[in-house]
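Enquirer: One letter stands for each residue in the lines below.
2 protein chains.
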Amino acid sequence: MFFKKAPFAEQALTKALKNIFGYTPGNIALYQLAFRHRSAASVVSNGVKNSNERLEYLGDAVLGSIVAEYLFKKYPFRDEGQLTEMRSRIVSRSNLNALSRKLGLDKLIQTSRETNIPATSILGDAFEALIGAIYLDKGYDFTKKLLINKVIPIHLDIDSLVNTEMNFKSKVIEWGQRVKKTAEFVLSDELENGKQNRKLYVVHLLLDGELAGKGHDYSIKKAEQKAAEQAWISLSEKNLPE
Amino acid sequence: MFFKKAPFAEQALTKALKNIFGYTPGNIALYQLAFRHRSAASVVSNGVKNSNERLEYLGDAVLGSIVAEYLFKKYPFRDEGQLTEMRSRIVSRSNLNALSRKLGLDKLIQTSRETNIPATSILGDAFEALIGAIYLDKGYDFTKKLLINKVIPIHLDIDSLVNTEMNFKSKVIEWGQRVKKTAEFVLSDELENGKQNRKLYVVHLLLDGELAGKGHDYSIKKAEQKAAEQAWISLSEKNLPE
Numbered sequence: 523m524f525f526k527k528a529p530f531a532e533q534a535l536t537k538a539l540k541n542i543f544g545y546t547p548g549n550i551a552l553y554q555l556a557f558r559h560r561s562a563a564s565v566v567s568n569g570v571k572n573s574n575e576r577l578e579y580l581g582d583a584v585l586g587s588i589v590a591e592y593l594f595k596k597y598p599f600r601d602e603g604q605l606t607e608m609r610s611r612i613v614s615r616s617n618l619n620a621l622s623r624k625l626g627l628d629k630l631i632q633t634s635r636e637t638n639i640p641a642t643s644i645l646g647d648a649f650e651a652l653i654g655a656i657y658l659d660k661g662y663d664f665t666k667k668l669l670i671n672k673v674i675p676i677h678l679d680i681d682s683l684v685n686t687e688m689n690f691k692s693k694v695i696e697w698g699q700r701v702k703k704t705a706e707f708v709l710s711d712e713l714e715n716g717k718q719n720r721k722l723y724v725v726h727l728l729l730d731g732e733l734a735g736k737g738h739d740y741s742i743k744k745a746e747q748k749a750a751e752q753a754w755i756s757l758s759e760k761n762l763p764e
Numbered sequence: 523m524f525f526k527k528a529p530f531a532e533q534a535l536t537k538a539l540k541n542i543f544g545y546t547p548g549n550i551a552l553y554q555l556a557f558r559h560r561s562a563a564s565v566v567s568n569g570v571k572n573s574n575e576r577l578e579y580l581g582d583a584v585l586g587s588i589v590a591e592y593l594f595k596k597y598p599f600r601d602e603g604q605l606t607e608m609r610s611r612i613v614s615r616s617n618l619n620a621l622s623r624k625l626g627l628d629k630l631i632q633t634s635r636e637t638n639i640p641a642t643s644i645l646g647d648a649f650e651a652l653i654g655a656i657y658l659d660k661g662y663d664f665t666k667k668l669l670i671n672k673v674i675p676i677h678l679d680i681d682s683l684v685n686t687e688m689n690f691k692s693k694v695i696e697w698g699q700r701v702k703k704t705a706e707f708v709l710s711d712e713l714e715n716g717k718q719n720r721k722l723y724v725v726h727l728l729l730d731g732e733l734a735g736k737g738h739d740y741s742i743k744k745a746e747q748k749a750a751e752q753a754w755i756s757l758s759e760k761n762l763p764e
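Sequence order for the protein chains is A and B.
The numbers in my numbering rise by one with no breaks, and the one at position 15 of the first sequence is 537.
The numbers in my numbering rise by one with no breaks, and the one at position 183 of the second sequence is 705.
FYI, nobody ran anything at the bench for these hints, they're computed from the structure.
Be careful, since some hints might not be right.
It does not matter which identical chain is used: a pair holds within one copy or between any two.
[Stated by the list, open to error] Below are the DSS-like pairs computed for lysine-lysine, each with C-alpha atoms no more than 30 Å apart in a straight line:
hint : residue 1 : residue 2
1    : K595      : K537
2    : K660      : K672
3    : K744      : K571
4    : K672      : K693
5    : K596      : K571
6    : K571      : K595
7    : K667      : K693
8    : K571      : K743
9    : K537      : K702
10   : K736      : K693
11   : K624      : K744
12   : K660      : K703
13   : K721      : K624
14   : K736      : K702
15   : K721      : K571
16   : K660      : K596
17   : K540      : K743
18   : K736      : K721
19   : K629      : K702
20   : K702      : K660
21   : K540      : K666
22   : K702      : K666
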């Protein structure tokens, strides 16, 4: 994947954002910052770099709040556990990476030539940083309306995100049966969290007794899915599964 | 700790909130919901209870966003890792429990007689639910101003929260030396997260080879602190440490 090596000029960036979101940015410097990956940043003062990471921290929180309310109102009969799970799918790195690409943000991101960070996570990080920039530029209600009117309905299929589940566990087990490998999911640890009644479960997936993937989640079933997903991805990289 | 068994009447609750925060609530039913612990709730429709848990989910997200921005602006030269760490201290269950009690929210919470949930977490949960209610009643900017003007400066010593560290690790080690027990911190697992460059470390604290506490965090040092804290709390409950 190729990103730009130089920042967009103010006018070009203003025009690009207007095309994507239909509004004219106020403080364009915020948006230039949002699209500057740390590999293209320099230290500006007191040890702080002019990369998009602080904006990403802010945007992550603002996005989390807006999506929390969106789901709270859209699903009045789902409980807090279901809402939390839905939200974590929507703001998952893989979903935000895809969203960022759909919006065409990949063409606006500035990195150094030397960067060897997986290109995909740069996309989702820049999307969050952009949310931080929009929030600082235009406020909460503006950011919320933009997401709810211009991003979510056009670019995210919430119902299928919420209802479909990639079943990596059965994928791995079926593959194991084909190639005569035993797949064993082991609950390797249970960790207490700050919140009441919530334990973090750690699951290891062993293929023929060898560690193939790890997952952690507040439900054992989901931790197994994550362990299977990790194993599946690493098997796919070795081109093993058919 | 004693909580109320019946909900506050509308007028009394309106007055109490006015006394605590200085504003008159609009939709008082939201606030009654915010103070209703699940032990005092009943199923109202489609399987959803009229407890404060959905509001807690929403308030947690809104609070996270407001605190994220507050720290972003207060500490312009701290990086995103430091800001994230500060935020997690401010919104930690123990800090929100204490804050909730300082504000006098304990007198407004409604539970059943039979509840045996640790009373403390009920406090922090109700504080978050209250933030959810204020947000739905009055909007984001109002909630933000209320927190930044009326709650944080009066009830939270941000600088000491941010700068002090409870060193449970040395407490446990010193106690171990006194009572001739070896304390050993073992990195028991490393888990990959969705986000780039972040590993979740799991540390077990063994006292004379026996598991005494577990902690998990994105830094080994902090995971050790959390394992030590958990061990310290459970030792304290047995009245062992002096």
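Enquirer: Could you work out which earlier hints the structure fails to respect and list their numbers in ascending sequence?
Expert: 4, 7, 9, 12, 17, 19, 20 and 22
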